[in-house]
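Enquirer: Residue numbers (the working numbering), protein chains in the order written: chain A, 1 to 348; chain B, 1001 to 1354.
What the hints contain is simulated information worked out from the structure, not anything from laboratory work. Nothing here was measured: the structure is a model prediction, and the numbers come from that model. Backbone N, C-alpha and C define an ideal beta-carbon position, used for all residues, glycine too. You may find that some hints are simply not true.
Claimed, not checked - Ranges between beta-carbon positions, derived for each pair: (1) B:Ala1150 - A:Glu257: 45 to 55 angstroms; (2) A:Arg134 - B:Ala1098: 27 to 37 angstroms; (3) B:Ala1098 - A:Glu292: 36 to 46 angstroms; (4) A:Pro329 - B:Arg1325: 56 to 66 angstroms; (5) B:Glu1329 - A:Arg19: 26 to 36 angstroms; (6) B:Ala1120 - A:Ser10: 34 to 44 angstroms.
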Amino acid sequence: MTEGERILLSHGSGGRLYRDLVKDVFVTAFANPVLERLDDAAALTPQGRIAFTTDSHVVQPLTFPGGDIGRLSVAGTVNDLATAAARPLALAAAFIIAEGFPLADLRELCASAAATAREAGVPIVTGDTKVVERGAADGLFITTTGVGEIVVAHELGSAAVRDGDAVILSGSIGDHAVAIVAARGEFKFSADVRSDCAPLWCLVEAAVDAVRAAGGSASPDGAEALRFLRDPTRGGLTTVLAELAEESGLGIEVEEEAIPVSPAVRSVCDLLGYDPLTLANEGKMVLVVAPEAADAVVAAIQKTQYGREARRIGFVTAAHPGRVALRTPFGTRRVLDMPVGELLPRIC
Amino acid sequence: MTQADELRRLAADLRAEARPDLTFMEVCGTHTMSIARYGLRELLPEGMRLVSGPGCPVCVTAMADLDRVVALARLPEVTLATFGDLIRVPASRTTLAAARAAGADVRVVYSARDAVQIAADEPDRQVVFAGIGFETTAPTIAASLLEARARGLANFSVLSMHKTMPLPLKALLELGETPISGFLLPGHVSVITGTACYEFLARDYGVAGVVAGFEPHDVLRALLRLVRQTRPAIEIEYGRAVRPEGNVVAQRLMEQVFAPGDADWRGLGVIPGSGLALRPEYADADAAERFPVDLEPPLEPAGCRCGEVLRGVTDPADCALFGARCTPEDPVGACMVSSEGACAARYRYRGIDD
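Build out the structure end to end from the sequences listed, making use of the hints.
Expert: Now the structure itself:
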C-alpha cells in the first residue's frame, strides 16, 4: 500500500485486503509476539486476581493538542485498570473505520496508540477491524479492552473509604475538555491548553508502593491505607466526588483553592460558562487514602511524570453523609452537585 | 489585603451603616449568579434583603414565545439556531431538547454570527435564530442580520423576542408588590444603554439605583453606595466598563434594525414598548412573518411560581416545588433551567447545611 491511499469497504471484507491491512498497519504498529500469531484469541497467563475493563472512544477531532484518539484509547483503558490497582497485562483494540479514511492517518494514530502502550508497559495482543460505509461512522472509533493484574490483596472502592480519609488529586483539572473544545474551533478562540491524556499506571503504582512503605497496617499486604481510586473523566472531579459520597454514605469536604486549575482553563471557563470541576480529564486520578499515609502518597505521586502537581484537596467526613461540600475562599461551604445535561459531546 | 478580607470589611461597613428593613433588587442574571456563588447573602446585615428581579433573559421569555420557538424548530425546512440556555427550558408541552431528539434540526451556537455562517454553509436550509436577551445581546443580533443581508443570505431570519430593561422596572414599581428600596442595576446592559434610561427611577419613584459589576466586591460596594445615598440617585459603581452615555455605536446598530415593540414577560405579562421588533425594512428577515404557525394556547406548569420569583415577590426557596419536584436535572420552571435563573443559582450554590 502506498501513501495517499484510503480505506475501502473491501478492507473490511475479511479477504486478502483485510489480511494486508492487519499485517501492514496494526501488526507493524503494535508489534509483539502474541499479536503476530494472528490467532482469533490471545492466550494470557495472569498472576492472581485480574481486573477487566472496556472503553469506546469517539473523540472529535481525532487529533488534538496533547493527544489523539490512539493515545486516548490506550490511556483510557490503562487508567480504568489502574483504578482497580491493576498493572495492565494486555489490551485488545477494535477499530471501526469509515470508508475513505486516509491510510496515512490510520498509521499515524496506530503509531501513537503503540507509543502510549509502550509507555504504559502493556502489549496490544489482539484486535478487530470493521469498515463501514462513508457516513455510517465519523472517521474512526476505537474500542479498547484491557486485562490487568491487581497488585493489592484488599478490595478498593467506596466501601473501603473511612471517616477522616484524605482525598488527593493528581494534578490540574479541565485541560482535556478545554483542549478538545478549542481544537474543534466552534468558538473561534485559541487557547494554549493541551490535553492531559496520559497512562497513569506508574502514578498508581507509586501510590501503592508509598502506602506499603508507610506501613501502619498489620496485614501481610500492607496496602489497606489505599482506599479508592477513580479517574475523573466525563463529569469531572465533581462527579467522582458526588458518586463517592453517594456510594459510601459518607460526606466529602474539599477546598476550592486547593484544586489546581490552569489560568488558561480558568479563562476559557469564564468565557463559556463552564465549571472546571465538571470538565473531563484523561490523565488525572483521584485517590482516597488513610490520613496517616496521605503525605507519603502525595510525595510519591509528585515524583512521577504525570503527578507533579498532586495535592491533598480535602477529606472524608461523617458529617453531611452522601453530600460533597466545597469550601470557598470566603469561608462559606456549598454543595457540589453532579452536572446536568449536555455539556460537551464526543469528548473522549 | 486579600479578596476575602476586602469582602469582610465591606460587609462590616454595610452592617454599621445600613438602616433595617432594606430590600434591594438585582435585575441581571450574572448578578444573581455572583451573589449565590459567593454566598453574599450570608454577609448582609440582618434585615437587609436581596431579591432577584426579571434579569435572566431565558426566564423572562413567555411560554407563548417558547412554544413558537419549538413550533419553528419542528418545521422540516428550518434549522433553529439558539443559545444553549434555551434548549432545556420547558415550553407548554415539550422542550427544544425533546424536539431535537424527535428529529428537529436544533443547533446550539455561541453567537448569532455562527448562525449566519450556518446559513452560508447550508443554503438549502432556512436558518432561524432564536433571538432572546436584553440590550446586551440585541446589538450583536442586529449586526448578524446586517451581515446576512450584506452576504445576500436570504435563508437567515431572526425570531425577535428581545426585551429592554427599563420598562419592567417601572412595571414592578407600579405593581408595588415588593417594597424596593433600590436597584442593583445591570452591568452588561448598562455598558450599552448608559444610565439616562434609569433616571426616572429616582426622579419619578424616589428609588435609587447603582450600576454594579460582577465581582463579589462590586456587588457589596454597590450595596454600600445604595445604603449611603441621602437622596435617591442613579450612580455607577462599575466605572471600569460603564459610561453614562453608554455605547453609542451599539445603540445606533440596535436602532437601525429594531424598533420598540410589545413584549410578553413571564410574570409581568405584555408590557407595551418593552421589546425590540424588527423594523419594517427588515420584515423579510422576521421569522415570525416568514413562518406563520398556529399555536395552541400556552400552558403554565402547575404549582410553578417562576412568575412571582421574577417579580421578587416569592423567594425561590419558598416555592413548594423548589429542590423537590423542581431541580436542575428535572426542572419544572424556566428559573431552574437557565444557569442565570434565580432558582438554579440558589439551588446550585446552596449551603451544605440548607
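Enquirer: That 45 to 55 angstroms hint for Ala1150 (chain B) and Glu257 (chain A) (C-beta), does it hold up?
Expert: holds, 49 angstroms
Enquirer: Is 26 to 36 angstroms respected by the C-beta to C-beta distance linking Glu1329 (chain B) and Arg19 (chain A)?
Expert: violated, 50 angstroms
Enquirer: A range of 56 to 66 angstroms was offered for this pair. Does it hold for the Cβ distance of Pro329 (chain A) and Arg1325 (chain B)?
Expert: Cβ of Pro329 (chain A) to Cβ of Arg1325 (chain B): about 34 angstroms, so the range 56 to 66 angstroms is violated.
Enquirer: Can you tell me whether the CB distance of Ala1120 (chain B) to Ser10 (chain A) sits inside 34 to 44 angstroms?
Expert: holds, 38 angstroms
Enquirer: When you take the CB atoms of Arg134 (chain A) and Ala1098 (chain B), is the distance between them in 27 to 37 angstroms?
Expert: The hinted range 27 to 37 angstroms holds for Arg134 (chain A) and Ala1098 (chain B), with Cβ atoms some 30 angstroms apart.
Enquirer: Is it true that Ala1098 (chain B) and Glu292 (chain A) lie within 36 to 46 angstroms of each other by Cβ?
Expert: violated, 52 angstroms
Hint check: violations occur at hints 3, 4, 5; the rest are consistent with the structure.
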